[in-house]
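Enquirer: Sequence:
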Amino acid sequence: MVDKKTNNTIESTNSFDSKEVVAKLKNCPTSPRKMRLVADQIRGLNVDKALVLLKHSTKEASIRLEKLLLSAISNWQMKHGGESNELIITSIFVDSGRMLKRMQPAPQGRAHRIRKRSNHVTIMVGLKDTN
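First residue of the sequence shown? That's 19 in this note's numbering, and the numbers climb one at a time after it.
Treat the hints with caution; some may be incorrect.
[Unchecked claim] Subject to a maximum C-alpha distance of 27 Å in a straight line, what follows is the list of computed DSS-like cross-link-like pairs (lysine-lysine):
1) Lys73 <-> Lys119
2) Lys42 <-> Lys134
3) Lys119 <-> Lys97
4) Lys85 <-> Lys134
5) Lys67 <-> Lys44
6) Lys37 <-> Lys146
7) Lys85 <-> Lys42
8) Lys134 <-> Lys97
9) Lys42 <-> Lys97
10) Lys85 <-> Lys44
11) Lys67 <-> Lys119
12) Lys146 <-> Lys134
13) Lys146 <-> Lys85
14) Lys67 <-> Lys52
15) Lys134 <-> Lys44
16) Lys52 <-> Lys77
17) Lys97 <-> Lys85
18) Lys146 <-> Lys119
19) Lys52 <-> Lys42
20) Lys37 <-> Lys97
21) Lys37 <-> Lys67
22) Lys42 <-> Lys119
23) Lys44 <-> Lys119
24) Lys77 <-> Lys44
25) Lys77 <-> Lys97
26) Lys146 <-> Lys42
27) Lys42 <-> Lys73
28) Lys119 <-> Lys37
29) Lys52 <-> Lys97
30) Lys77 <-> Lys37
31) Lys134 <-> Lys67
32) Lys67 <-> Lys77
33) Lys77 <-> Lys42
34) Lys73 <-> Lys97
35) Lys85 <-> Lys52
36) Lys77 <-> Lys119
37) Lys52 <-> Lys119
38) Lys85 <-> Lys67
39) Lys73 <-> Lys44
40) Lys67 <-> Lys42
Hints were generated in silico from the structure; no laboratory data involved.
This structure is a prediction, so every number in the text was calculated from the model and none was measured.
Build the full structure now, drawing on both the sequences and the hints.
Expert: As structure tokens, then:
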């Protein structure tokens with residue numbers, strides 16, 4: 019909702035639905051581009067299928083996402099105390115984190131900048147809507 023006088027956006031204090039749980043991974047030392055490749059594969063899947071897909075993937079990012087997904091499932095079980103058979107990944111997004119900048123010597127006295135990238139991953143798990 020936008021307030022017309024001040025032109026500011028107004029957000030509700032509880033932005034997440036109570037039927038969803040969130041798990042976050044911060045400052046993961048993997049490039050966001052490489053992490054998004056794996057995150058795009060599991061978006062919208064059932065958690066059991068996503069765990070199988072992550073278990074058999076050869077990418078390094080899949081190991082980190084598998085641990086994060088297990089954490090989200092554990093959060094669901096702690097909050098709701100139920101089975102996790104019907105859970106799906108409602109949303110997953112990868113944001114870039116801080117970047118460590120290094121210098122690498124180059125020919126003729128110059129230097130090239132090396133950017134060691136990191137990312138933040140947020141995964142939301144909830145029940146599938148039957149509407």
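Enquirer: Would you mind marking each hint as holding or not holding in the structure?
Expert: Outcome of the hint check:
1. Lys73 <-> Lys119: Not satisfied, since the Cα-Cα distance of roughly 32 Å exceeds 27 Å.
2. Lys42 <-> Lys134: 21 Å, holds
3. Lys119 <-> Lys97: 40 Å, violated
4. Lys85 <-> Lys134: 22 Å, holds
5. Lys67 <-> Lys44: With a Cα-Cα distance of about 24 Å, the restraint between Lys67 and Lys44 holds, given a limit of 27 Å.
6. Lys37 <-> Lys146: 10 Å, holds
7. Lys85 <-> Lys42: At roughly 11 Å apart (the allowed maximum being 27 Å), Lys42 and Lys85 satisfy the hint.
8. Lys134 <-> Lys97: Given pair Lys134, Lys97 is violated - Cα atoms ~36 Å apart, limit 27 Å.
9. Lys42 <-> Lys97: 16 Å, holds
10. Lys85 <-> Lys44: With Cα atoms ~13 Å apart, Lys85 and Lys44 stay inside 27 Å; holds.
11. Lys67 <-> Lys119: Given that 27 Å is the threshold and the Cα spacing comes to 38 Å, the pair is violated.
12. Lys146 <-> Lys134: 37 Å, violated
13. Lys146 <-> Lys85: Given that 27 Å is the threshold and the Cα spacing comes to 22 Å, the pair holds.
14. Lys67 <-> Lys52: This hinted pair holds, its Cα atoms lying about 21 Å apart.
15. Lys134 <-> Lys44: 15 Å, holds
16. Lys52 <-> Lys77: 9 Å, holds
17. Lys97 <-> Lys85: Holds, because 18 Å separates the two Cα atoms, which is no more than 27 Å.
18. Lys146 <-> Lys119: This hinted pair is violated, its Cα atoms lying about 42 Å apart.
19. Lys52 <-> Lys42: 17 Å, holds
20. Lys37 <-> Lys97: 10 Å, holds
21. Lys37 <-> Lys67: Holds - the C-alpha atoms of Lys67 and Lys37 are around 20 Å apart, at most 27 Å.
22. Lys42 <-> Lys119: 24 Å, holds
23. Lys44 <-> Lys119: Roughly 18 Å between the alpha carbons, so the hint for Lys44 and Lys119 holds.
24. Lys77 <-> Lys44: 19 Å, holds
25. Lys77 <-> Lys97: This hinted pair is violated, its Cα atoms lying about 31 Å apart.
26. Lys146 <-> Lys42: Within the cut-off at roughly 21 Å; holds.
27. Lys42 <-> Lys73: 19 Å, holds
28. Lys119 <-> Lys37: 40 Å, violated
29. Lys52 <-> Lys97: 31 Å, violated
30. Lys77 <-> Lys37: Status violated; Cα separation ~31 Å.
31. Lys134 <-> Lys67: Roughly 32 Å between the alpha carbons, so the hint for Lys134 and Lys67 is violated.
32. Lys67 <-> Lys77: 17 Å, holds
33. Lys77 <-> Lys42: 20 Å, holds
34. Lys73 <-> Lys97: Status holds; Cα separation ~25 Å.
35. Lys85 <-> Lys52: 17 Å, holds
36. Lys77 <-> Lys119: Measuring from Cα to Cα gives roughly 24 Å; hence the hint holds.
37. Lys52 <-> Lys119: The hint holds at about 19 Å.
38. Lys85 <-> Lys67: Measuring from Cα to Cα gives roughly 15 Å; hence the hint holds.
39. Lys73 <-> Lys44: Holds: Lys73 and Lys44 sit about 21 Å apart, inside 27 Å.
40. Lys67 <-> Lys42: Satisfied, since the Cα-Cα distance of roughly 20 Å is no more than 27 Å.
The structure does not agree with the numbered hints 1, 3, 8, 11, 12, 18, 25, 28, 29, 30 and 31 stated previously, though it agrees with the rest.
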